[in-house]
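Asker: Line by line, the protein sequences give chains A and B.
Using this note's numbering, you'd call the opening residue of the first sequence number 214 and step up by one each time.
Using this note's numbering, you'd call the opening residue of the second sequence number 157 and step up by one each time.
Don't take every hint at face value.
To be verified - Here are the simulated EDC-like cross-link-like pairs (lysine to aspartate or glutamate), alpha carbons at most 20 Å apart as the crow flies: (1) B:K223 / A:E460; (2) A:K274 / B:E614; (3) A:K261 / B:D217; (4) A:K431 / A:E460; (5) A:K274 / B:E218; (6) A:K295 / B:E614; (7) A:K274 / B:D433; (8) A:K261 / B:E333; (9) B:K299 / A:E674.
These aren't lab readings, by the way, just hints derived from the structure by calculation.
Values in this document were obtained by computation on a predicted structure and should not be read as measured data.
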Amino acid sequence: MQRHQSRRRRRRPNRLKRNVSKLFASPLQHTFDLSAEFRMDRKQYCVKLSVQPSRGLVDEKFIVLVQNVSPGFQMTIHALHKCEDGHSYEAFAHYTANATGTVNVSEDPSLGGTYSGVEQMGLLWSLRPVPGTKPGLRLRKVNVQTPMEVTISVYQGHQTEGFMDQVPLVGVLVERWYMAPRVRRIPITENGLTATLFLPSGLGPFPGLLDLWGGEGKLIEYRAALLASHGIACLTLDYLTPEITMETGKMVDSQYIETAYRVLEQHPQVLGSRIAMLGLSLGASVTLKMAVYSQVMKLRCVVCISGCHVQPIDGFLEELLNFCRINSETKTRINEEDQVIYHDLLLPIPTDPALKVDVGRLQCPLLLVVGEDDQNWPAYESAIDMKEMMEKAGNSHLLTVLSYPNAGHLIEPPYTPHTLATAFLSVTSVKKVMALWGGETVAHSRAQEDAWRKTLAFLRENLYGSSNCGF
Amino acid sequence: MVRAHLSVTTLRKLIEMKMIPCISVHRNLTCLHHALGGIRWKSSYRQAPLLTAAPARGLIDEPISVKGRFLPPHCPVTVCAQMHSEDGDLWEAFGHYNTTSDGTVSLTRDHSVGGSYLGCEPMGLFWGLQPAPGARKGLRLRKKNVETPFVVHVSLLDGHVSPSERQSTELAAVTTERWYMAPGVRRIEIRQNGVVGTLFLPPGPGPVPAILDLWGMGGGLVEYRAALFASRGYASLSLAYLGHKDLPAPRNRINVGDSYFKTAFHLLQDHPQVCADRVGIIGLSFGVYLTLRLATQPDISPSCLICINGPVGSTVTLSDADGRTEQFESDQKYWVFDDDGYVSFKALSLPANLAPETIVKIEKLTCPLLCIVGEDDLSSSSIECANLMEETLRAAGKHQLFTCLSYPGAGHLIEPPYTPNSRASLWSVKPVKQITLWGGHLASHAAAQEDAWKKTLEFLETNLRC
Chain A
214 MQRHQSRRRR RRPNRLKRNV SKLFASPLQH TFDLSAEFRM DRKQYCVKLS VQPSRGLVDE
274 KFIVLVQNVS PGFQMTIHAL HKCEDGHSYE AFAHYTANAT GTVNVSEDPS LGGTYSGVEQ
334 MGLLWSLRPV PGTKPGLRLR KVNVQTPMEV TISVYQGHQT EGFMDQVPLV GVLVERWYMA
394 PRVRRIPITE NGLTATLFLP SGLGPFPGLL DLWGGEGKLI EYRAALLASH GIACLTLDYL
454 TPEITMETGK MVDSQYIETA YRVLEQHPQV LGSRIAMLGL SLGASVTLKM AVYSQVMKLR
514 CVVCISGCHV QPIDGFLEEL LNFCRINSET KTRINEEDQV IYHDLLLPIP TDPALKVDVG
574 RLQCPLLLVV GEDDQNWPAY ESAIDMKEMM EKAGNSHLLT VLSYPNAGHL IEPPYTPHTL
634 ATAFLSVTSV KKVMALWGGE TVAHSRAQED AWRKTLAFLR ENLYGSSNCG F
Chain B
157 MVRAHLSVTT LRKLIEMKMI PCISVHRNLT CLHHALGGIR WKSSYRQAPL LTAAPARGLI
217 DEPISVKGRF LPPHCPVTVC AQMHSEDGDL WEAFGHYNTT SDGTVSLTRD HSVGGSYLGC
277 EPMGLFWGLQ PAPGARKGLR LRKKNVETPF VVHVSLLDGH VSPSERQSTE LAAVTTERWY
337 MAPGVRRIEI RQNGVVGTLF LPPGPGPVPA ILDLWGMGGG LVEYRAALFA SRGYASLSLA
397 YLGHKDLPAP RNRINVGDSY FKTAFHLLQD HPQVCADRVG IIGLSFGVYL TLRLATQPDI
457 SPSCLICING PVGSTVTLSD ADGRTEQFES DQKYWVFDDD GYVSFKALSL PANLAPETIV
517 KIEKLTCPLL CIVGEDDLSS SSIECANLME ETLRAAGKHQ LFTCLSYPGA GHLIEPPYTP
577 NSRASLWSVK PVKQITLWGG HLASHAAAQE DAWKKTLEFL ETNLRC
């Protein structure tokens with residue numbers, strides 16, 4: 214493997230009054246020390262780099278354009294992101310300028326790097342921890358009120374490493390926002406809830422959505438913030454590790470979820486008759502339970518991502534988690550890389566109706582999003598069984614399944630970097646394990662993009678369209 | 157519970173058919189909104205009307221694409237923009253449109269048939285912003301704090317209405333932000349060697365070309381154009397020279413001279429992030445005189461100059477040593493008042509009225525000069541001065557350095573695009589409230605700003621980059 218180590222040296226012409234040892238505090242400047250000698254490439258200041266939009270939503274595409282280089286000029290376009298926990302992520306790709314001295318990432322192929330081919334958003338979805346970072350990290354935004362900042366730079370030549378030791382030709386800063394302008398974030402603590410409500414900007418009122426995440430617990434806000442940026446009032450709910458559970462040690466019951474639903478339903482800026490529910494992983498299990506069995510919740514539609522309908526019908530969280538815990542003792546697999554595969558915990562799909570949600574009783578449209586390489590949850594097998602159940606019951610017209618070959622468990626908003634395995638502490642375990650999620654990066658990234666677009670269309674159609682539910 | 161099947165439009169039709177008493181319509185509407193959750197679209201809609209604006213967070217000179225979707229076909233709608241200035245005044249603009257057969261309205265494609273602007277004007281909602289009815293007189297929309305954006309609320313209203321009816325007719329809305337500073341641009345206050353200014357640096361390792369930014373007799377420190385240049389990749393220093401607390405007193409006089417401007421130019425040129433041989437100067441109004449005067453100083457070699465609507469000389473002498481100037485009051489003999497009592501300063505810069513010893517020796521210029529003129533400029537004799545500049549350069553055999561852009565219907569304040577022109581605005585409050593005339597007709601001025609900015613960036617690209 215060739216190592217491209219072209220260390221660029223730039224020397225400034227003699228200028229008496231210049232203070233070259235000044236350091237500048239900026240996302241780019243901290244990466245290099247101007248007191249070193251530099252030789253100025255006289256064409257360097259000609260290179261133009263633009264990323265449009267420079268401030269976009271996280272699910273918006275951008276156009277990366279490099280201009281004013283010589284035809285055939287070889288360059289590496291590099292993306293750098295320092296996340297809130299201090300770890301750095303990078304992506305890079307090799308390009309060769311065309312006859313007009315231009316590279317357009319949305320039209321021209323990458324010849325190598327962390328992605329190849331024509332990939333307009335490759336610089337984001339192929340982000341990975343920089344060399345030397347400990348394994349098992351997952352890139353997630355905690356504070357959704359500030360943007361994710363990505364520095365996009367152009368380096369001379371086709372390089373694969375040592376970016377931090379060099380000065381790029383040019384660089385720009387790009388902001389990626391989870392919250393559109395004037396989306397409002399409202400912490401919800403009433404009635405013992407641990408939740409956050411995101412309201413779209415505008416007069417409203419708006420359709421609503423209850424958003425649930427998975428087995429790690431905590432209050433995860435970014436998907437709800439993004440959905441609010443698309444016009445849906447979204448309440449994200451911590452149901453595994455809320456204040457009340459942390460204080461009492463007791464898991465919440467289904468009334469806790471119904472309370473959250475009521476908060477949404479009665480909010481003056483929410484259309485009470487147009488509320489959806491969305492869950493990922495364990496959250497999808499809870500979502501299916503509530504959608505079918507709750508007397509209080511009248512949902513317009515339901516979205517389950519990487520979910521499974523297998524769970525004890527009686528009881529709620531305690532019973533579900535116990536069920537998983539018992540099965541984990543015999544059905545957990547560990548692969549050669551010491552990564553833990555929970556995929557078999559809920560397999561085989563039981564025939565006993567007491568062990569799976571009776572989706573044949575569902576009265577509203579259901580969208581299932583499934584990664585066929587999911588190593589954590591048997592989402593694919595579960596989807597097949599749910600389809601059968603609904604066909605038998607005669608309500609399969611309500612079902613839409615989006616099934617993605619080579620996509621894994623963590624199907625997130627588009628351009629979120631794919632992680633194969635990460636350090637995972639579920640509420641049922643005492644120690645962190647390296648959980649295998651599955652998925653091949655390119656296919657998983659395509660799946661995220663496609664699933665998000667279709668999820669938004671599904672929500673929009675069902676939350677705004679005329680009622681076709683049985684109530 | 158009544159199903160939500162009545163839209164405002166249907167209600168209006170019912171009123172016309174006298175099926176609902178007119179008096180209680182308003183109350184019924186409110187009840188409808190409460191009982192049905194304020195649904196403002198027909199049940200026959202598959203989806204609610206959707207309004208999008210891209211980019212939602214853009215730079216001030218970036219066009220926005222505003223689109224409405226999921227509307228009934230061939231229906232009247234109003235697209236309306238509202239924003240509060242930093243002083244709290246409400247500004248608004250609106251256009252009346254008819255949706256096409258596919259139920260959409262697109263401001264980049266469709267024609268406004270009424271409102272603040274007519275015809276196909278993708279950015280009309282922004283350059284057409286005007287103070288809302290009942291606002292104070294003499295307002296001008298300017299951003300003081302460039303680190304935050306202008307927040308413009310864009311809404312889609314049912315029917316051909318005015319923005320005051322937004323509460324009852326809004327179908328969809330989106331909030332946009334308009335920024336002067338791109339991400340990563342750094343704002344640095346400069347109080348060094350007597351120089352009072354603000355430096356804006358683009359992100360990136362540099363070095364970059366630079367622009368010295370000069371404004372007019374309004375004084376103070378106007379940062380937004382320099383911030384925008386930095387967002388476009390140029391280091392830019394906006395320089396104060398009059399009416400700033402950190403400058404030598406008194407505030408109503410120019411107390412700095414040639415050495416001040418030279419120091420500022422060198423400060424910018426010598427900055428480690430700046431390509432020393434690629435520094436330009438831009439001036440508006442009195443800033444034009446300062447630009448030309450600085451450019452002809454020994455030891456000052458800018459790469460290019462941009463002069464917008466300004467004089468080639470001054471009615472007051474700008475001294476060198478201590479910087480004191482004569483009183484501005486001697487100017488008042490040139491003030492012309494119209495029937496409303498608004499003052500025009502235009503005669504002040506008529507070449508015949510300029511102090512001859514102040515007229516800049518333009519024949520000494522050695523770099524390209526872009527001259528921008530608003531033909532309806534009521535504040536400065538821009539055309540006459542531009543002609544004088546051209547003649548002087550031609551006589552010196554340097555005509556190839558000169559380019560002039562002349563815009564019919566444009567006024568004095570040719571600023572970055574998509575910001576509204578003020579034909580007149582408050583100039584001073586002491587000893588009396590005085591409004592001054594700038595000139596410019598809204599639509600033609602907007603077109604001029606858009607074209608002038610584009611040509612300005614191209615001119616800078618050619619002369620400061622490669």
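Asker: With reference to the structure, classify each hint as holding or not holding.
Answerer: Evaluated hints:
{"no.": "1", "hint": "B:K223 / A:E460", "verdict": "49 Å, violated"}
{"no.": "2", "hint": "A:K274 / B:E614", "verdict": "27 Å, violated"}
{"no.": "3", "hint": "A:K261 / B:D217", "verdict": "18 Å, holds"}
{"no.": "4", "hint": "A:K431 / A:E460", "verdict": "14 Å, holds"}
{"no.": "5", "hint": "A:K274 / B:E218", "verdict": "17 Å, holds"}
{"no.": "6", "hint": "A:K295 / B:E614", "verdict": "35 Å, violated"}
{"no.": "7", "hint": "A:K274 / B:D433", "verdict": "37 Å, violated"}
{"no.": "8", "hint": "A:K261 / B:E333", "verdict": "25 Å, violated"}
{"no.": "9", "hint": "B:K299 / A:E674", "verdict": "41 Å, violated"}
Going down the numbered hints, you'll see the structure goes against 1, 2, 6, 7, 8 and 9, while the others check out.
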